[in-house]
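Going down the list, the protein sequences come from chains A and B.
Residue 922 in the numbering used here is what sits at position 37 of the first sequence, and the numbering runs on without skipping anything.
Residue 176 in the numbering used here is what sits at position 102 of the second sequence, and the numbering runs on without skipping anything.
Some hints here could point you the wrong way.
Quick list of the computed label-pair ranges, beta carbon to beta carbon [said to hold, decoys possible]:
#1 B:Phe197 with A:Gly897: 22 to 28 angstroms
#2 B:Leu128 with A:Val950: 27 to 33 angstroms
#3 A:Glu918 with B:Leu314: 19 to 25 angstroms
#4 A:Glu918 with B:Pro196: 37 to 43 angstroms
Derived from the structure by calculation, the hints contain no laboratory data.
The structure displayed is predicted, hence computed values, not measured ones.
Glycine is no exception: its CB is placed at the ideal position from the N, C-alpha and C atoms.
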Amino acid sequence: MEELKGAIALIGYGLAAIGPGIGIGLIAGSAVEAMARQPEAAGMVRTTMFLGIAFTEALALIAFVLFFLA
Amino acid sequence: MDELILALEECDLNENAVCAPSNVTDLFEFRTPIVEILGFPITRTVFLIFLAGLIAVLLLWFGLRKGATQPGKFQLSIESLMTYIRDEVAVGIIGPLGIKYYPYLMALFIFILIGNAFEVTPFINFPITSRMAIPLFLSLLTWVIFVFAGFKRNGISYLTGIIWPPGVPVALKPLVGLIEFVSVFLVRPFSLAVRLFANLVAGHVMLSLLLVTALVSVVGLFTGEIPVIKGVFGFAWWALALAIFCFEMIVIILQAYIFTLLSAVYIDTSINVEH
Chain A
886 MEELKGAIAL
896 IGYGLAAIGP
906 GIGIGLIAGS
916 AVEAMARQPE
926 AAGMVRTTMF
936 LGIAFTEALA
946 LIAFVLFFLA
Chain B
75 MDELILALEE
85 CDLNENAVCA
95 PSNVTDLFEF
105 RTPIVEILGF
115 PITRTVFLIF
125 LAGLIAVLLL
135 WFGLRKGATQ
145 PGKFQLSIES
155 LMTYIRDEVA
165 VGIIGPLGIK
175 YYPYLMALFI
185 FILIGNAFEV
195 TPFINFPITS
205 RMAIPLFLSL
215 LTWVIFVFAG
225 FKRNGISYLT
235 GIIWPPGVPV
245 ALKPLVGLIE
255 FVSVFLVRPF
265 SLAVRLFANL
275 VAGHVMLSLL
285 LVTALVSVVG
295 LFTGEIPVIK
305 GVFGFAWWAL
315 ALAIFCFEMI
325 VIILQAYIFT
335 LLSAVYIDTS
345 INVEH
């Protein structure tokens, strides 16, 4: 049962990494499109992109930490 | 050198694919202190924390000492870093009131950057921000600053302004209030700390295990203890560790910048609450 606990934790982390993966892809894609449409706003778009990536990546990282706790 | 590399001690490549100690969290603990000063044990981690602070102070001291109007290269780089944090992060995000918080944000950025950079420096391959105490304390500092700044500027209407944003229907007020309260006052410091902590832990664990596996595989290939296929595969582990090393250099700067940026954003939502 101990080996199963580690394996289930790993599967759980894999499932939890799907959402932030898609989310960060969407954010970065929208940021690239916005920078292509209006290059003057590139600085503000870049800052907001980092902010959005940080928020969504936090969910994947919480899953990573919980994997080690189990 | 072996006693400093924990993953090297309990390494049996005939059993496991990768060299790993039985409990991975042991990679982060240093049980024996280097020296004991007045009964306070100085372990490797404590020594590295003081070293990071000292390097931060020395960088800024020697960078800004001369104050020449035609700066040399080092002064130019330190000044451009300070100008960037001031214009983009402190004043750019918070507005004209942000200059009061600029020293805190600058110190935060430099300390976290140097603490993270210890992961890739040659003889100190251990990031101090991978011990939860450092990110937790720094995020608690940010939390105290943004809560107190909000209450000092807006009084009790800070609390009602955060919990019930304008335009919430009366029937939903309890639910929205609870969600916003938990989100702003409880989740924010926690996620700020965990983001920095987990990024650095992941990098350190991957680099340690992969590099030690590569070392043991390639050395075992030449001494003949390891089957040839596993020995040659050591080069693949080494290449992967090299790629992760390059990626970690980006993560180091990015995570320090994001911590500082989010601290500035939280202070901004406290001070400039739109009524």
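Tested hints:
1. Between Phe197 of chain B and Gly897 of chain A the Cβ separation comes to about 37 angstroms, which falls outside the hinted range of 22 to 28 angstroms.
2. The supplied range of 27 to 33 angstroms is met by Leu128 of chain B and Val950 of chain A, whose beta-carbon atoms lie about 30 angstroms from each other.
3. At about 32 angstroms, the CB distance of Glu918 of chain A to Leu314 of chain B disagrees with the hint of 19 to 25 angstroms.
4. Hint check: Glu918 of chain A to Pro196 of chain B, Cβ distance near 41 angstroms, so the stated range 37 to 43 angstroms holds.
Checked against the numbered hints given earlier, the structure breaks hints 1 and 3 and satisfies all the rest.
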